[in-house]
Amino acid sequence: MTLLKSREAILVGAILLLLALVASRFPGFVTPSNLVAVFTDTAPLIILALGQMVVILTRSIDLSVAANLALTGMVCALINVAFPGVPVPVLVALALGLGALMGAINGFLVWKLTIPPIVVTLGTMTIFRGIIFLLTNGSWVNSHQMSSAFKAFPRENILGLPVLGWIAVLVTLILGLVMSRTTLGRAFFAVGGNPHAAVYTGINVGRTQFLAFVISGMLAGLTGYLWVARYAVAYVDIAGGFELDVVAACVIGGISIAGGVATVAGAVLGALFLGIIKNALPVIDVSPFWQLAISGAAIIIAVTFNSRAGRSKGRVILKSAEHAQ
Amino acid sequence: MKKLSKLLTTAAIATGLFAGAASAEDMRIALVVKALGIGFFEAAAKGAEEAASELGGVEIIYTGPTDTTAEGQIEVINSLIAQNVDAIAVSANDTDALVPTLKKAMQRGITVISWDSGVAEDGRQMHLNPSSNPLIGNMIIKLAADELPEGGEVAVLSATTTSTNQNIWIDEMNKVMGNYPGVEVVATVYGDDLADKSYREATGLMQSYPDLDAIIAPTSVGIVAAAQAVVDAGKVGQVNVTGLGLPSEMAGAIESGASKSFAIWNPIDLGYSATMIAYHLSKGDAVAEPGASIPMGRMGEVTLDETNSGAMADPFVYDASNIADFKDIF
Numbered sequence: 001m002t003l004l005k006s007r008e009a010i011l012v013g014a015i016l017l018l019l020a021l022v023a024s025r026f027p028g029f030v031t032p033s034n035l036v037a038v039f040t041d042t043a044p045l046i047i048l049a050l051g052q053m054v055v056i057l058t059r060s061i062d063l064s065v066a067a068n069l070a071l072t073g074m075v076c077a078l079i080n081v082a083f084p085g086v087p088v089p090v091l092v093a094l095a096l097g098l099g100a101l102m103g104a105i106n107g108f109l110v111w112k113l114t115i116p117p118i119v120v121t122l123g124t125m126t127i128f129r130g131i132i133f134l135l136t137n138g139s140w141v142n143s144h145q146m147s148s149a150f151k152a153f154p155r156e157n158i159l160g161l162p163v164l165g166w167i168a169v170l171v172t173l174i175l176g177l178v179m180s181r182t183t184l185g186r187a188f189f190a191v192g193g194n195p196h197a198a199v200y201t202g203i204n205v206g207r208t209q210f211l212a213f214v215i216s217g218m219l220a221g222l223t224g225y226l227w228v229a230r231y232a233v234a235y236v237d238i239a240g241g242f243e244l245d246v247v248a249a250c251v252i253g254g255i256s257i258a259g260g261v262a263t264v265a266g267a268v269l270g271a272l273f274l275g276i277i278k279n280a281l282p283v284i285d286v287s288p289f290w291q292l293a294i295s296g297a298a299i300i301i302a303v304t305f306n307s308r309a310g311r312s313k314g315r316v317i318l319k320s321a322e323h324a325q
Numbered sequence: 001m002k003k004l005s006k007l008l009t010t011a012a013i014a015t016g017l018f019a020g021a022a023s024a025e026d027m028r029i030a031l032v033v034k035a036l037g038i039g040f041f042e043a044a045a046k047g048a049e050e051a052a053s054e055l056g057g058v059e060i061i062y063t064g065p066t067d068t069t070a071e072g073q074i075e076v077i078n079s080l081i082a083q084n085v086d087a088i089a090v091s092a093n094d095t096d097a098l099v100p101t102l103k104k105a106m107q108r109g110i111t112v113i114s115w116d117s118g119v120a121e122d123g124r125q126m127h128l129n130p131s132s133n134p135l136i137g138n139m140i141i142k143l144a145a146d147e148l149p150e151g152g153e154v155a156v157l158s159a160t161t162t163s164t165n166q167n168i169w170i171d172e173m174n175k176v177m178g179n180y181p182g183v184e185v186v187a188t189v190y191g192d193d194l195a196d197k198s199y200r201e202a203t204g205l206m207q208s209y210p211d212l213d214a215i216i217a218p219t220s221v222g223i224v225a226a227a228q229a230v231v232d233a234g235k236v237g238q239v240n241v242t243g244l245g246l247p248s249e250m251a252g253a254i255e256s257g258a259s260k261s262f263a264i265w266n267p268i269d270l271g272y273s274a275t276m277i278a279y280h281l282s283k284g285d286a287v288a289e290p291g292a293s294i295p296m297g298r299m300g301e302v303t304l305d306e307t308n309s310g311a312m313a314d315p316f317v318y319d320a321s322n323i324a325d326f327k328d329i330f
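So the protein sequences, as listed, match chains A and B.
Residue 21 in our numbering sits at position 21 of the first sequence, with consecutive numbering throughout.
Residue 266 in our numbering sits at position 266 of the second sequence, with consecutive numbering throughout.
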C-alpha cells in the first residue's frame with residue numbers, strides 16, 4: 001500500500017515539476033483560470049483513461065474507444081439535428097446506452113468467442129468508423145445545425161468549473177467507489193492479478209472482462225456527446241488516434257499493461273500529465289517539429305520513473321552469491 | 001388496336017425527328033461531375049445553366065456516376081460519345097484513368113476540357129483551376145488585413161507541417177506580405193487537421209499573443225475549430241478567424257461573429273466558367289494553346305499556361321451577407 005502511495009506521489013511530483021517548467025517559460029499557464037481550462041480540456045482524456053484502466057486491469061485492451069466516441073457523438077449530433085427538441089439528459093442517457101452497447105459487443109466477442117481483445121477492438125474500431133461513414137456519407141454535422149442547448153451543456157459553469165470538468169470529477173468518484181468498495185471492483189483486480197486463482201474463488205473471468213468493456217464503452221459514449229458538443233462539429237475522423245493517448249495516459253499512470261495493477265488516482269494523474277503537456281506545448285513556443293518528439297519523450301520518462309519506483313526490491317536468498325558478485 | 005399502335009409509331013417518329021432537329025441547332029455541352037448528389041456539383045450545374053441561358057442555343061447535360069469512381073465516369077463519357085455531344089467538361093475522379101476515353105472523344109471532334117479536378121494533359125484541351133496558389137495566398141492575408149486598417153498581429157493555424165497545399169499557400173502569402181504594411185504574422189502553428197489539437201493550438205495562440213487580431217486557417221478543420229476556440233475564450237470581436245472553409249461548416253462561426261469572412265471557390269462560378277470555355281472552344285472562336293486567352297462571360301477571361309491550364313479567379317468571399325444563400329449548397 002505504501003508502495004502504491006509512493007507511485008502516485010512521484011507522479012504528482014512530476015506534474016508539479018512539469019508545471020514549474022512551463023511556468024518558467026510562460027507564467028500565465030499556472031493562473032487558476034488557465035488551470036481550470038486545462039483540466040476541462042483534459043476531462044475527456046480522464047474519463048476515457050478511467051474506462052481504459054478497468055479494461056487493462058483485466059488483462060485486455062480497448063482500442064475502439066475513440067471510434068466509439070466518434071460514432072456515439074455523431075449519432076447524438078444527428079438526433080439533435082433531426083429532433084432539436086430532444087432534451088440533453090435524454091441524449092446523455094442515449095450516449096451512455098449506445099456506448100455501453102458497443103462496449104458490450106467488444107466484451108461479448110472477447111468473452112464468448114475468446115478472441116484476443118487487441119484483435120477484437122482493432123476490428124470494431126474500423127467498423128465503428130465505417131458506420132459513421134454509412135450514416136453520413138462522409139458529410140459533417142456543423143455548428144449552426146446543432147441546437148444551442150446541445151452545445152451549451154458541457155460549457156455550463158458551476159462553481160467556476162464547466163460541466164465537462166464536473167463530469168470528469170464525478171466519473172472519478174464513482175469509479176473510485178466501484179474499484180474499492182464493490183465486489184465487482186475486487187473482481188477486476190482478481191481477474192487481472194491471477195485469472196486462474198480468480199476462477200477458484202468463483203469469479204467468472206470472461207464475464208468480468210465483458211463488464212470491463214461495457215464500462216469502458218459506456219464512458220466512451222458519454223465522452224462522445226461531450227466531445228461533439230464541445231467542439232461543435234461531428235465528422236468521421238473526430239478524435240482520430242485518440243485511443244493511443246488514452247492508453248498512454250494509463251501507462252503513465254502506472255497501470256500495468258500486463259494487468260492486475262491499477263489505481264483510479266494513477267489513471268487520473270496520467271491523463272492530467274498528458275493533458276498538461278498537450279496544453280503547454282502550444283504556449284511555450286517550441287517548434288512544431290519538436291513537439292511530437294517532446295511528448296513522446298515525456299511519456300517514456302514518466303513510464304521509466306514509474307517502473308523503477310514500482311519494482312519490488314526482491315529478496316536475497318543466497319547471501320554468499322551476492323557477495324561473490 | 002392496330003390503328004392505335006400505328007398512331008403511336010407515327011408520334012414516336014415525329015418526336016424523334018423533332019428532337020433530332022432541335023439537337024442539330026442546339027450545342028450540347030455535357031458537364032460530367034465526380035458523382036451525382038454532391039452539393040458542390042449541383043451548384044456548379046446551376047452555374048452551367050446560367051451560362052447556357054446567357055449564351056442561348058446551348059443545352060446542358062448534367063451527368064456523372066452515382067459514386068466517385070473513374071470506372072463510372074468512363075461509362076458516362078462513353079455514352080456521351082455515343083450521343084455525339086459537342087463538348088465534355090469533366091471534373092475527374094482520376095488524373096490518368098480517363099485519358100484513353102477522353103482521347104477517343106477528342107478524335108470524334110468533341111471538345112474536351114477538365115475543371116476543378118484535372119485530367120492529364122493528353123486527355124483534355126485545357127484545364128480550369130478554380131483558383132491559383134498565388135491568388136489563394138494573397139486572399140487569405142487580404143481577408144485578415146481588410147479588417148485591420150491600422151495593422152495588427154495575425155497568426156496562421158495550418159493543417160500538418162507536411163501538408164503540401166497549405167505550405168504552398170502560406171509561402172505565397174508570405175511573398176505578398178509587403179503589400180500589407182502593419183500586418184505582422186507572429187506565429188504559424190499546426191493543428192494536424194484534428195479538431196481537438198486545432199482548438200488547443202488556437203487557444204494557445206490567444207494566450208501567447210494577448211494582442212492577437214486574427215487567426216488565418218487555410219484548412220477547413222482548423223478554421224472551424226479556431227472559431228469555436230475564439231467563442232469559448234470570449235474573444236469574439238477581438239480575434240477574427242478567417243481563411244479557407246466551406247459555407248455549410250462556417251455558417252455557425254459567421255453567425256456567432258467569430259469569423260467576419262472567409263473564402264473558398266464558388267462552384268456556381270466554376271460551372272458557369274467551364275460552360276463558357278467549352279462553348280467558345282467548341283464553336284471555334286477560341287483555341288486552347290499555351291498563352292491563349294479564352295473568354296468566360298461575366299468572369300472575365302482565363303489565360304492558359306504552358307500546360308494549357310488556367311485559374312478562374314480569386315477565391316470567392318463569404319460573409320454575413322451571402323452565407324445564407326450558400327450554407328445549404330455545399
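Be a bit skeptical, because a hint or two may be false.
As the list claims (entries may be wrong) - Cut-off 25 Å, straight-line C-alpha distance, at most; resulting in silico cross-link-like pairs (DSS-like, lysine-lysine):
(1) B/283 to B/104
(2) B/103 to B/283
(3) B/104 to A/151
(4) B/283 to B/46
(5) B/283 to A/278
(6) A/112 to A/278
(7) A/151 to B/175
(8) B/260 to B/283
Claimed, not checked - Derived, one-sided and incomplete: chain B residues facing chain A with beta-carbon distance under 10 Å:
(9) 39
(10) 54
(11) 56
(12) 107
(13) 195
(14) 205
(15) 207
(16) 211
(17) 232
(18) 246
(19) 248
(20) 249
(21) 250
(22) 254
(23) 255
(24) 257
Treat the hints as calculated values from the structure; they're not laboratory data.
Note that the structure is a prediction, hence the values are computed from the model and not measured.
Cβ atoms here follow ideal geometry from the backbone N, Cα and C, with glycine treated the same way.
- Numbers of the earlier hints that this structure fails to satisfy, in rising order: Numbers 3, 5, 6, 7, 8, 10, 11, 12, 16, 24 - these are the hints that the structure violates, sorted from lowest upward.
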